[in-house]
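As given, the protein sequences belong to chains A and B, one line each in that order. Add 18 to the 1-based position in the first sequence for this note's numbering, that's all there is to it. Add 1071 to the 1-based position in the second sequence for this note's numbering, that's all there is to it.
None of these hints come from the bench; they were simulated from the model. No experiment lies behind these values; they were computed from the predicted model shown. Ideal Cβ placement from N, Cα and C applies to all residues, glycine included. Worth double-checking, as some hints may not be accurate.
[Unchecked claim] Partner residues aside, some chain A positions facing chain B, computed with beta carbon under 10 Å: (1) K37; (2) G46; (3) P61; (4) L63; (5) K71; (6) S73; (7) P84; (8) G115; (9) F122; (10) P125; (11) R128.
[As the list claims (entries may be wrong)] Capping the alpha-carbon separation at 30 Å, the derived lysine-lysine pairs in BS3-like fashion look like this: (12) K1073(B) / K58(A); (13) K36(A) / K1181(B); (14) K59(A) / K1113(B); (15) K1181(B) / K58(A); (16) K1181(B) / K1113(B).
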Amino acid sequence: DTEVTQTPKHLVMGMTNKKSLKCEQHMGHRAMYWYKQKAKKPPELMFVYSYEKLSINESVPSRFSPECPNSSLLNLHLHALQPEDSALYLCASSHSGRARDEQFFGPGTRLTVL
Amino acid sequence: RKEVEQDPGPFNVPEGATVAFNCTYSNSASQSFFWYRQDCRKEPKLLMSVYSSGNEDGRFTAQLNRASQYISLLIRDSKLSDSATYLCVVNGDPYGNKLVFGAGTILRVKS
Chain A
19 DTEVTQTPKH
29 LVMGMTNKKS
39 LKCEQHMGHR
49 AMYWYKQKAK
59 KPPELMFVYS
69 YEKLSINESV
79 PSRFSPECPN
89 SSLLNLHLHA
99 LQPEDSALYL
109 CASSHSGRAR
119 DEQFFGPGTR
129 LTVL
Chain B
1072 RKEVEQDPGP
1082 FNVPEGATVA
1092 FNCTYSNSAS
1102 QSFFWYRQDC
1112 RKEPKLLMSV
1122 YSSGNEDGRF
1132 TAQLNRASQY
1142 ISLLIRDSKL
1152 SDSATYLCVV
1162 NGDPYGNKLV
1172 FGAGTILRVK
1182 S
């Protein structure tokens, strides 16, 4: 079952709030990813975790803080966001993080920052 | 130059038509290639991986030309349900998994 779940589906937050996005997969994958997608644009990679260690941070502002508590869970902690951070946040997973692995995406969290 | 470039679209085709999408990539070290489809306000879904020998899955055929750094997707006998944005995706990291997405091509199949 190629399923990645994300909660919440929608989130509205103020610029002073702290919130977290959650992602879970039960496919035994060892690599997990966060992407950001603005309207009418393709997804852009933010972070990669491989075997529960952060392996790629695409120069993402520190107001986004990823966390990988275990191999099936991935969180994205949000603090002091800006309205331009409003976007669809997608989580993905792949078998091991190797170059030829296929990535499978969750349904995303649609974030609005007021 | 963008790392992955696609036909801008949109492609408006009748049901039953054959349609082809093209994509070029700039990083010659790229190791793996994919086509994803994305429906409006949904997540990208993997359509197929693309191999050097080419591969086919039902009505869909993908080709890769490493020398020209060119990828294609052919859809035969288009269905209304094929209407979506098709994303050409390249992994530019030979040791890891760092996907770079093209801007996507919109396909609209009409009855």
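Against the structure, the hints come out as follows:
The interface hint given for K37(A) is broken, as the beta carbon of that residue sits about 20 Å from the closest beta carbon of chain B, more than 10 Å. For G46(A), the suggested interface contact is broken, since its CB lies about 16 Å from the closest CB of chain B, more than 10 Å. Interface hint at P61(A): satisfied, since its Cβ lies 5 Å from the closest Cβ of chain B, which is below the 10 Å cut-off. Nearest Cβ of chain B to the Cβ of L63(A): about 6 Å, under the 10 Å cut. The hint holds.
Interface hint status for K71(A): violated, as the beta-carbon distance to the closest one in chain B is roughly 12 Å, over 10 Å. Look at S73(A): its Cβ gets to within about 7 Å of chain B, closer than 10 Å, so that hint holds up. Contact between P84(A) and chain B, as hinted, is not supported at the beta carbon level, the nearest pair being about 15 Å apart and thus beyond 10 Å. Restraint check, G115(A) versus chain B: the minimum CB separation of about 5 Å is within 10 Å; hint holds.
At a threshold of 10 Å, the smallest CB-CB gap from F122(A) to chain B is about 7 Å, leaving the interface hint in force. Interface restraint check: P125(A) against chain B, minimum CB-CB distance 5 Å, threshold 10 Å, status holds. The interface hint given for R128(A) holds, since its Cβ lies 8 Å from the closest Cβ of chain B, which is under the 10 Å cut-off. A C-alpha spacing of about 16 Å is found between K1073(B) and K58(A), which places the hinted pair at or below 30 Å, so the restraint holds.
A threshold of 30 Å between alpha carbons decides the hint, and for K36(A) with K1181(B) the separation of about 45 Å lies outside it, so the pair is violated. Our distance criterion of 30 Å between C-alpha atoms is met by K59(A) and K1113(B), whose separation comes to about 13 Å. Restraint check for K1181(B) and K58(A): the C-alpha separation of about 21 Å stays at or below 30 Å, so the hint holds. Taking the CA atoms of K1181(B) and K1113(B), the gap is near 21 Å; set against the 30 Å cutoff, the hint holds.
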